[in-house]
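K.L.:
Since the structure of chain D is provided, determine the placement of chain L on it from the hints.
Letter by letter, the chains look like this.
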Amino acid sequence: MRSRVGGAAVAAVALLLGVLVVSQFRSRDVYSRSLEQETPESLTTLIADLNDRNRQLREEIFDLQLRVDRAQSQVSGGQGTLEESQRQLEQLEVFSAQSRVTGPGISIRVDGPFDDHALSDLVNELRNAGAEAIAVNDARVGPRSWFAAGANGDLVVDGTGVRGPWTVRSIGASDVLYVAMTRTGGIVGQFQLIYQRTRFTVTRENALDLPPLAAQ
Amino acid sequence: MRSVALQKGLAIAVPALVFGFLVAAQWATLAAPGSRDVGIRYIDPLTASLGRLQDEQTSLKAQLADVRAKLDQLQRAGAAQNGTVRDLSAQLDDLKRRAGLTDASGEGVVVTLDATRAAADLTQDRLPCFAPDLTDIVNAAWRGGARAVAIDGERIVASSSVYCVGGTIVVNGSIVSAPFTVTAVGPTSSILAVVDDPSQLSDLKRRRDQQVVDLRIASVPAVTLPAYGGPVVVRSATPQ
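Protein sequences appear in the order of chains D and L.
Residues 56 to 271 in the working numbering are what the first sequence lists, from first letter to last.
Residues 28 to 267 in the working numbering are what the second sequence lists, from first letter to last.
These are calculated hints, taken from the structure and not from any lab test.
Glycine included, every Cβ here is placed at the ideal spot set by N, Cα and C.
Any given hint might turn out to be false.
[Claimed, not checked] If you want a taste of the chain L side facing chain D, the calculated C-beta under 10 Å gives, among others:
#: 1; residue: Gly78
#: 2; residue: Ser116
#: 3; residue: Leu119
#: 4; residue: Ile244
With the rest of the complex left out, here is chain D (with noise of 0.2 Å):
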């Protein structure tokens, strides 16, 4: 008798390391996502998104193969690449901020109160609507910029306090940015609803004119 309640109890307690053994590990295990959880409506989207970056990367290949084959022409003709070396340095010149440049583009006005976070996640949604240029007031946002929070409600870009209302500058293809932002559920009608007693206005911009990256 004393053996079978001996061994019921050895069972059950067996029973419930068992359980706590799996549970402590599943707990303690991250959960990697794969891509078999998304919704039949995300993967569609990711296949959009993929497709359209493949689309610029074999338009980034063809641009540049061209550019090979003339530069090929002009070493073999003993020229020198210089006509090449000149389009490269004004192109990583707008990339890295480095120059003053014009274009095309929206600008988007924000009045009342606002964050870093929220200036981050803006500048974050230029740039995935294809941005190639942006400032903040008169600070240009480079490769490395960053945002943090002020004194008095001003917002810091690179370490330099830039007071409010802000003025988001972006140059771009303007319908695509405008659209971008302003569209139902976009980044702009979701500071609205966050924001209220701030106003936000976008306009398409024929001309911006930018400021280059503040010396590091």
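P.N.:
Below, chain L alone, put in the same frame as chain D:
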């Protein structure tokens, strides 16, 4: 006598332990997100299409790196022929470094991020989106003086964006997978000073303390980040 009792005890305990293990494992499998979904017949073909596009992208990135290397080679040859090109080459090298178009090496900080299994079980119907957390970590790394930052090997440059589609993260138009790794090359002490500052990444740290996210921060003595491998698109902006 004692040996017989021990054998009896083991004969009960071992199967019970295995049974308990199986019960818990089976329960967790049934409760896992995704396994409740029925009738989603398009998941497999869509996932297969996505896999093909990812493979194509890997191949295109390799081609792009190859054609960029050819252009660099020709520019070096051109610099040997022309003094002006030689002067421009030094500027180009500096701009490429600033733009993230060259590999970056040195000491750094590695931050890894994922949902805990416990959190995932609670949010079965909605996969967690870590894009804002990743941009916050990148922001903190730049603030700490990082020279280069990458998310799962995707270099962060002036055109980079990080966003979620469902629970999947897209960086530079490429899908990155959990656990997410943000690697920053730069002065370890100042990057850690910002990342470890309680006022920074406070929401993320709160969720770590609640065991909702698995957040790990470590310094590394040497790490190399690959150059940005995507397109450099400058169409609308004109330099002055």
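K.L.:
May I ask you to test the interface hint for serine 116 of chain L with respect to chain D, counting a Cβ-Cβ separation under 10 Å as satisfied?
P.N.:
7 Å, holds
K.L.:
Hint check: is the beta carbon of leucine 119 of chain L less than 10 Å from a beta carbon of chain D?
P.N.:
Result: holds, 6 Å to nearest chain D Cβ.
K.L.:
Do the numbers back the hint for isoleucine 244 of chain L, that is, is its least Cβ distance to chain D under 10 Å?
P.N.:
Nearest chain D Cβ about 15 Å off; hint violated.
K.L.:
Are glycine 78 of chain L and chain D close enough, Cβ to Cβ, to be under 10 Å, as the hint says?
P.N.:
8 Å, holds
In terms of the numbered hints stated before, the structure departs from hint 4 and from no other.
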